[in-house]
Amino acid sequence: MRKFSMGRLIVLGVLVLGLSALFLSGMAIAEREYPTGPVRLTVSYAAGGSTDAAARMLIPYLEKELGVPVWVQNLPGAGGEIGWTTLSRSKPDGYTIGFINMPAINLVAAARDTAFEPILENFDAIGVNISDPNTIMVRRDDERFNTVNDLIEYAKQNPGELVLGADGPLSDDQLAMYKIEQATGAKFTYVPYKGGAPAAKALMGAETDVLISNCFDVLQFEEHLKALAVLWPERYPLIPDVPTLQEETGIEIVGASTRGVCASAGIPAGVLAKLKQAFYAATTNPEYIKEATERNLTLIEPRIGGDFGKMIEDEERAVGELLDFFVEAGYIKK
Amino acid sequence: MMLENIAQGASVIFTPYNIFFCWLGSSAGLLLGATPGISATMSIALLVPMTFALSPATGLIMLGGIYCGAIYGGSIASILLRTPGTPASAATVYDGYAMTQKGEAGKALGLAISASVTGGFMSALVLLFAAPQVAKVALKFRSAEMFWLVIFGLTIVASVTGKSIVKGLITALLGLVLATIGMHPMTGFMRFSFGFASLYDGIPFIVALIGLFSISQAMVLVERGGEEKQVTVPRIGRVFPGWKLLYKLKWTMIRSALIGIGIGAVPGPGATISAFVAYDQAKRLSKTPEKFGTGIPEGVVAPEAANNGVTGGSLIPMLTLGIPGNECTAALLGGVMIHGLIPGPKLFTQHAPITYAFMLSMILNELFYSSFGFLFVKYLAKMVLIPRGILAPVIVVLSVIGSYAIRCSLTDVGFMLGMGLLGYALRKLKFPLVPIILGMILGPLAEENLARSITIAHARGTNLLFFFIINPIALVFMIITGLSLGWSIYKRATTEVISEEGL
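As they're listed, the protein sequences go chains A and B.
Residues are numbered in my numbering as their position in the first sequence, beginning at 1, plus a constant of 10.
Residues are numbered in my numbering as their position in the second sequence, beginning at 1, plus a constant of 107.
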């Protein structure tokens with residue numbers, strides 16, 4: 011049996027310390043030198059959709075700021091759950107970031123046992139700059155409703171008689187409908203469709219009476235449908251003729267489909283700072299703003315890091331308050 | 108006004124640059140569609156991001172080329188390999204492959220080209236000259252009408268079951284049950300997902316199709332030994348079918364093309380269903396229905412004219428209203444919106460030159476893919492002379508790639524292989540596979556529209572039956588369904604069914 015001398019112990023100790031110092035400084039170097047390779051940007055919906063379009067628009071500008079290639083990976087399915095699960099489980103080294111959609115992610119988390127709840131504990135917020143407010147639309151030739159007040163009054167007097175078609179179930183449009191019902195006492199019969207366009211078609215074909223959708227659809231279906239109100243604090247630049255709900259009724263309700271970029275929780279502080287800075291620079295680049303506006307993206311002032319985190323919290327709370335509506339209608343099981 | 112727009116569109120498309128991309132799209136689409144495992148929708152979706160860098164007109168023209176080329180191209184695999192290259196060609200397998208086995212592969216391929224061009228050309232003309240009018244009619248197809256259209260579609264099962272109607276009904280029901288996996292389209296209630304997030308949307312249809320047909324075919328090939336060639340008669344034959352034969356088939360082609368245009372213009376059912384409806388109609392109207400499935404021209408021409416008829420038809424609601432008629436146009440719509448174009452009337456006024464160039468390109472596509480086809484299918488047809496032992500692994504590899512590419516998911520590959528085993532087992536037991544496909548496509552559509560009809564009828568204060576009756580188009584389809592069922596029962600009861608085993 012060898013004798014373990016004090017000397018050998020000391021040498022061993024120094025070696026261990028030295029190696030860990032090297033290792034840690036290696037990590038610090040990686041953090042300082044980030045990024046050194048391509049960055050993956052996940053989109054939880056299929057190629058060609060609006061989130062996908064927004065991602066692809068952003069790529070060249072992000073690449074310029076980060077100095078490395080950024081590529082889009084589409085991970086569709088389960089209303090976004092598959093993509094967000096993958097994102098939340100990805101290695102938190104800053105080489106995978108992705109889009110999250112609100113309130114979709116909050117609704118999915120409330121409806122099912124997902125791998126990424128609580129949301130703020132599983133994701134590090136980077137930044138958000140796209141928010142598409144909800145709009146309320148009816149047929150142009152529908153004489154019953156000239157203003158949104160007419161609509162709400164009718165729905166209060168005749169609960170359940172008006173058929174409201176919208177994307178869903180578990181969509182921002184359905185949530186907006188419940189917000190309105192809670193605030194005004196109106197009652198609609200909700201009929202889900204696979205997307206805003208089929209719901210608009212149903213309204214045009216007189217199968218439904220009301221449509222809740224987003225700003226883009228107001229422009230797309232301008233000829234047949236009129237927008238009675240937009241659920242936003244002030245009038246939205248893309249559709250300046252549409253009054254806000256507050257203007258018409260005095261009640262303020264804000265509802266929108268929001269898309270922001272996050273990474274899985276636990277990224278080193280230096281890397282996160284770089285990502286936030288890159289996102290901010292890319293989204294405030296005048297060329298980006300010009301191109302995005304031309305392609306009809308619904309931009310808002312970018313909110314970075316903690317501000318975005320607060321938006322996620324607010325959305326979480328709004329969904330929580332209206333959970334009973336979903337449960338009562340059978341879309342979420344308690 | 109319209110002539111002016113057409114002239115403007117012509118000036119946009121008739122530049123060497125755009126003509127090149129039109130040709131490129133058609134040819135690439137043809138090859139992608141012909142590959143088992145890569146569907147037309149996937150071909151379009153894969154190439155949409157590439158068009159991001161092109162101008163809106165060029166991008167759209169190329170995507171349109173891919174669409175038309177791929178829908179035609181699928182028939183090549185159906186005819187030569189007994190596995191559809193894209194779902195729309197599933198109905199072409201019956202008579203197409205039977206003709207290959209008789210040594211008439213060339214003729215089948217030539218008929219497929221001719222029929223596809225007829226369907227595509229007619230639908231491109233309807234699109235160009237009558238889009239808004241047709242769109243108005245399409246708007247009238249609401250939930251009640253769609254429900255009965257879909258139920259009518261289910262009566263086609265009787266045509267595609269071969270000898271045993273019972274076996275056909277069993278597999279059709281199996282298809283309907285498989286389609287219930289996932290979220291209920293209305294209530295969001297989760298069924299049969301066993302906690303797998305990948306099953307929340309059900310088994311992806313393409314995955315099931317690839318598994319059922321391609322993998323089972325690969326297994327059959329392997330089972331019969333690796334050395335032999337696929338066909339019993341190692342001959343291909345002339346490709347061009349001859350003007351006399353084409354003339355004889357003109358009514359079948361025109362009628363099938365109209366079916367394709369009609370079904371394409373109604374958002375919901377797609378090219379696959381239209382091909383089956385056309386096949387079914389051709390069979391019912393034929394004087395020799397028992398010959399369907401043995402390798403007769405009508406059996407190839409009807410589905411091919413219909414599925415290419417869908418190309419132009421499905422673009423009608425997509426361009427005029429922004430509502431995709433099927434999966435392929437849903438992917439195309441992404442291409443439209445990425446370029447900042449707003450579907451709807453604005454496309455025909457503000458962006459008229461681009462839109463008309465796109466519609467004109469649909470006509471050009473027919474020229475491009477048909478010439479490519481007539482020139483090269485003879486060489487592609489040599490595929491049937493490849494030994495089974497080589498063909499089978501190639502099919503498997505392509506199937507794996509294709510099913511992975513849908514959602515970047517190995518789970519999907521697993522589902523695909525599982526469906527492949529199921530398909531093989533069913534074939535050994537002589538059960539027809541096609542009714543499963545019909546069930547999987549039509550089941551969710553029926554459920555969705557029925558659920559909506561119930562909800563709306565309730566809100567309107569009427570009961571469901573009354574709701575159906577007061578919608579005239581729904582009533583018409585109810586009657587047609589009844590007639591279709593009655594006819595099938597009558598035929599079965601009074602004649603001996605001698606046709607080939609159903610697929």
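Treat the hints with caution; some may be incorrect.
[Unchecked claim] Computed list of chain B residues with no C-beta within reach of chain A, every gap over 12 Å:
1. L154
2. F299
3. E330
4. P374
5. A438
6. K453
7. F481
8. L571
[Unchecked claim] Chain A side only, calculated, beta carbon under 7 Å to chain B, not exhaustive:
9. A57
10. G58
11. K166
12. N168
13. P169
14. E191
15. G195
16. M214
17. G215
18. T303
19. V337
20. E338
21. Y341
22. K344
If you are wondering where the hints come from, they were derived from the structure by calculation, not from laboratory data.
Beta carbons are placed, not taken as given, at the ideal position from N, Cα and C, and that holds for glycine.
Structure-based check of each hint:
{"no.": "1", "hint": "L154", "verdict": "10 Å, violated"}
{"no.": "2", "hint": "F299", "verdict": "14 Å, holds"}
{"no.": "3", "hint": "E330", "verdict": "34 Å, holds"}
{"no.": "4", "hint": "P374", "verdict": "7 Å, violated"}
{"no.": "5", "hint": "A438", "verdict": "5 Å, violated"}
{"no.": "6", "hint": "K453", "verdict": "8 Å, violated"}
{"no.": "7", "hint": "F481", "verdict": "32 Å, holds"}
{"no.": "8", "hint": "L571", "verdict": "15 Å, holds"}
{"no.": "9", "hint": "A57", "verdict": "5 Å, holds"}
{"no.": "10", "hint": "G58", "verdict": "2 Å, holds"}
{"no.": "11", "hint": "K166", "verdict": "16 Å, violated"}
{"no.": "12", "hint": "N168", "verdict": "10 Å, violated"}
{"no.": "13", "hint": "P169", "verdict": "10 Å, violated"}
{"no.": "14", "hint": "E191", "verdict": "15 Å, violated"}
{"no.": "15", "hint": "G195", "verdict": "18 Å, violated"}
{"no.": "16", "hint": "M214", "verdict": "6 Å, holds"}
{"no.": "17", "hint": "G215", "verdict": "5 Å, holds"}
{"no.": "18", "hint": "T303", "verdict": "9 Å, violated"}
{"no.": "19", "hint": "V337", "verdict": "12 Å, violated"}
{"no.": "20", "hint": "E338", "verdict": "13 Å, violated"}
{"no.": "21", "hint": "Y341", "verdict": "5 Å, holds"}
{"no.": "22", "hint": "K344", "verdict": "14 Å, violated"}
Violated hints, listed in ascending order, are 1, 4, 5, 6, 11, 12, 13, 14, 15, 18, 19, 20 and 22; each of the other numbered hints is respected by the structure.
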